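When you get a sec, could you build the whole thing from the sequences and use the hints?
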Amino acid sequence: MLGYLIRRILAAIPVMGVVALFVFLLLRLTPGDPAAIIAGDSATPEQLDRIRTQLGLNEPLYTQFFSWVWRLLHGDLGTSLISNVPVLQMVSQRIEPSLSVALSVMLLSILVAVPLGIIAAWKHGTWIDRFVMALSVIGFSVPVFVIGYVLIQIFAIELRWVPVQGFRSIFRGFGPFFERIILPTCALSFIYVALIARMTRAAMLDVLGEDYVRTARAKGINESGVLLRHALRNAAVPVITVIGTGFALLISGVVVTESVFNLPGVGRLTVDAVLARDFPVIQAMILLTSGVYVTINLVIDLAYALLDPRIRY
Amino acid sequence: MSDAVNSNINRTDVNTRPMVLEIDNLVVGVGKTGAGKKIIDGISLQVRQGETVCVVGESGSGKSVTSLSTMGLLPKDSLKAIGGSIKLVGEDVLKASDRRLRQLRATTMAMIFQEPMTALNPVVHVGKQIDEVLRTHTSLGASARRARILEMMEQVRLPDVKRIFASYPHRLSGGQRQRIMIAMALVLEPKLLIADEPTTALDVTTQKQILTLIRDLQKDHGTAVLFITHDMGVVADIADRVAVMRQGRLVETGTLQNILRAPTMDYTRNLLSAVPSLVPRPPRVEAGFNPVVLEANELGKVYRERSFFGKPREVHAAQDVTLTLRKGRTLGIVGESGSGKSTVARCIVRLIDPTSGGIRLAGREISDLSRHTLQPHRKKIQIVFQDPYRSLNPRITIGESIAEGPINYGAKRSVAMARARELLELVDLPADAVSRYPHQFSGGQRQRIAIARALALEPEVLVADEAVSALDVSVQAQVLRLLDDIQTRLGIAILFITHDLRVAAQICDDVAVMQHGRVVEQGPAAEVLANPQQAYTRQLLDAAPGRGWDFANFRAVDGSTTVPAA
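Residue numbers (the numbering used here), protein chains in the order written: chain A, 1 to 313; chain B, 314 to 879.
Hints in this document: simulated from the structure, not taken from any laboratory.
As the structure is a prediction and not an experimental result, all values here were calculated from the model.
Among the hints, erroneous ones may be present.
Here are some of the chain A residues that sit facing chain B, going by a computed Cβ distance under 7 angstroms [unchecked claim]: (1) Q165; (2) D206; (3) A218; (4) K219; (5) R233; (6) R310.
Every residue, glycine too, gets a C-beta built ideally from N, C-alpha and C.
In structure tokens:
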């Protein structure tokens with residue numbers, strides 16, 4: 001198992017290397033002078049010079065790449081062209097809201113969706129099953145901003161239970177953090193509950209038809225034992241996949257939700273950077289996103305191996 | 314070998330024993346309320362303590378539904394018992410609550426299933442799966458439970474029980490898994506054991522061991538056994554009494570001797586007559602000297618499993634296999650699972666590439682041809698697969714399926730479709746079947762379609778890879794007759810892969826016996842199967858169930874040898 005883990009981590013390095021190279025070349029291989037692209041049309045020669053020196057554009061390409069990677073490894077992601085703030089600082093400020101929302105959405109969704117999916121599969125074909133499936137269709141089809149505004153209207157404006165929008169760091173007290181994160185969490189959870197419940201139901205339905213489930217029943221085990229001990233673990237692999245990719249999507253930013261609830265997350269940071277052509281920030285976001293995907297894939301594969309002894313490692 | 318036949322318990326003794334299972338006029342209907350078609354229509358059966366009752370019948374006869382009804386395991390939303398009673402030691406299980414049923418399972422009645430490969434939970438250690446039975450139904454402590462499980466695992470003759478206790482199912486062989494299932498079923502010494510085709514998925518030698526095991530455990534524990542099977546050979550070896558089922562009804566019941574020697578109903582007689590004899594058919598005269606159409610020369614296939622560290626593991630799936638097949642003849646490759654018989658067939662058809670050796674098809678070496686240069690030669694050799702339910706594309710009409718090959722080889726569509734109609738008639742199906750889809754046909758009909766599809770390219774060699782193994786005996790007999798008939802008419806050569814020595818004895822001119830990827834014995838079927846020279850061939854023949862019986866003639870085989878009638 002440890003060997004497998006090490007091998008998988010080693011295998012992730014070339015992937016990240018290719019991503020880094022791509023990100024590096026993104027700027028360098030764009031036609032024209034990168035400094036001019038960065039500075040925009042109305043740049044003065046002094047500004048262009050400053051950018052050239054800053055990016056080391058006067059040196060050979062490979063030297064530029066290695067010194068860029070070297071700086072990356074030391075946490076130097078460059079400086080924003082717009083705000084002149086170090087990129088690392090910008091991203092790390094934005095990471096907490098995104099990570100908080102992602103974690104709480106996943107937690108809530110799993111807690112709600114997995115039991116729903118299990119029950120729907122268990123009561124396959126009954127009104128319970130149809131109810132869960134209908135819920136899931138609604139979750140898929142209503143856009144997240146609609147749910148968001150409805151939630152804000154009811155709980156923030158009418159009932160005044162929670163603030164309308166914004167974010168407060170968890171390090172400044174759990175109460176203020178919680179009351180600001182709860183609405184975006186609920187709004188985003190709809191679609192993830194729909195997705196995970198559907199997946200759980202389908203996987204459980206498959207597994208409940210298996211011979212070993214019949215064997216378990218023939219042993220006289222009660223239904224909860226059959227469902228949880230025998231069926232769920234076998235149904236877990238596809239569900240884990242959905243949860244993992246869902247989580248990665250959440251971390252790399254959910255622009256609409258962030259906008260509705262005025263959350264200072266990485267999604268909006270990315271969009272702003274793209275619109276402003278703030279290349280260092282864009283580069284950092286691409287690296288962050290790929291890093292998240294690589295890590296989550298690794299975690300999913302490890303979970304497979306832990307859940308199913310037939311998967312060899 | 315005849316001890317199995319003679320070991321049937323004395324009847325008068327059995328008749329005084331307490332009744333364990335009494336099924337009375339059971340009716341099971343389709344649908345949630347059971348209001349639909351009656352799958353089981355008035356079945357009555359009794360099993361006494363220490364007795365083995367075999368329920369035989371072809372697919373769809375309702376034998377499995379009967380056993381699942383007894384266990385209370387009918388799928389709730391599709392089948393329901395709507396009449397009669399099933400008394401287990403006097404208690405009607407049809408009236409029992411879910412809770413009571415759960416209490417009865419494993420303690421009073423237990424069941425083992427057909428597929429040991431899928432009947433165990435793949436992600437839980439097998440020891441723990443047996444332990445679950447004890448945890449659910451007893452208040453034994455952990456160490457007492459473990460001791461009991463290890464003892465039971467030894468009783469079912471598993472080796473190295475401590476290691477197996479902590480193994481996952483995929484680490485065990487099919488036979489070992491079935492032993493685990495038996496241990497799990499019998500650990501609480503239930504009064505009734507229901508065995509639903511428990512050896513059907515196993516090789517004959519393993520089957521023999523498992524049947525002996527069930528019989529021995531039954532003797533020790535006095536268990537009543539309800540044994541579901543389609544295999545008359547197995548019935549002959551283990552039954553005290555036999556119940557023959559057909560389409561949800563009981564055709565006849567009686568003692569083993571009565572049923573096998575003097576069946577009163579036509580259906581039973583037909584069922585017995587369809588069982589192919591182990592005695593090879595008389596050799597066919599070879600008309601002239603037929604040309605060789607297929608030759609395999611020291612054929613070998615090695616699977617290499619790469620590993621990240623260390624050297625790759627090599628598996629020799631086939632080694633030094635040399636075969637010769639002449640026009641108009643049938644060569645059988647027989648062997649147990651993993652013997653390499655299907656690997657050889659697939660190499661010969663070039664569905665997989667052989668690692669070494671040569672294949673000559675109609676005088677042309679094809680083993681080293683590339684996919685592209687092989688194309689013109691592919692039509693000369695065609696294959697029919699085992700499972701007719703999965704080998705036809707469900708979304709394509711029968712006609713398209715059959716015509717697809719010829720069209721690929723440049724035939725005009727109209728010509729190919731007309732030919733498809735002719736072929737369907739050749740395999741005894743109506744020509745208008747061309748416009749229908751596979752799901753509208755039974756298993757036997759689908760296999761005929763698969764044969765028609767293979768014949769559409771007018772091959773010189775037809776490879777039948779376990780082509781009749783998934784079929785009921787009566788259908789099997791029809792398909793075998795059809796193959797024979799086609800061979801006589803078209804002079805095609807057939808390479809027949811089978812695990813079933815009875816089938817091989819009835820269709821093959823020559824036989825090659827394979828074990829561990831090698832041919833251990835080869836020669837005319839009449840010689841190899843009647844007078845085997847190799848220990849392994851003898852072992853296979855010994856393990857064939859019911860070899861003491863000549864089913865078709867309703868009599869026991871005299872003496873200990875099976876001398877061909879010719």
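task: Would you settle whether the hint for Q165(A) is holds or violated, based on the nearest Cβ-Cβ distance to chain B being less than 7 angstroms?
output: This hint is violated: Q165(A) lies away from chain B, its Cβ roughly 45 angstroms from the closest one there, beyond 7 angstroms.
Checklist line | chain B contact restraint on A218(A) - CB to CB distance below 7 angstroms | finding: 5 angstroms, holds
Restraint outcome when D206(A) is required to lie within 7 angstroms of chain B by C-beta distance: 13 angstroms, violated
(message) Holds or violated: the hint that K219(A) contacts chain B, with Cβ atoms closer than 7 angstroms.
(response) OK, holds: K219(A) within 7 angstroms of chain B, min 5 angstroms.
Would the hint on R233(A) stand, with a C-beta cut-off of 7 angstroms toward chain B? With a minimum Cβ separation of about 5 angstroms from chain B (threshold 7 angstroms), the hint on R233(A) holds.
ask   = Are R310(A) and chain B close enough, Cβ to Cβ, to be under 7 angstroms, as the hint says?
value = With a minimum Cβ separation of about 5 angstroms from chain B (threshold 7 angstroms), the hint on R310(A) holds.
When held up to the earlier numbered hints, the structure conflicts with 1 and 2 and fits the remainder.
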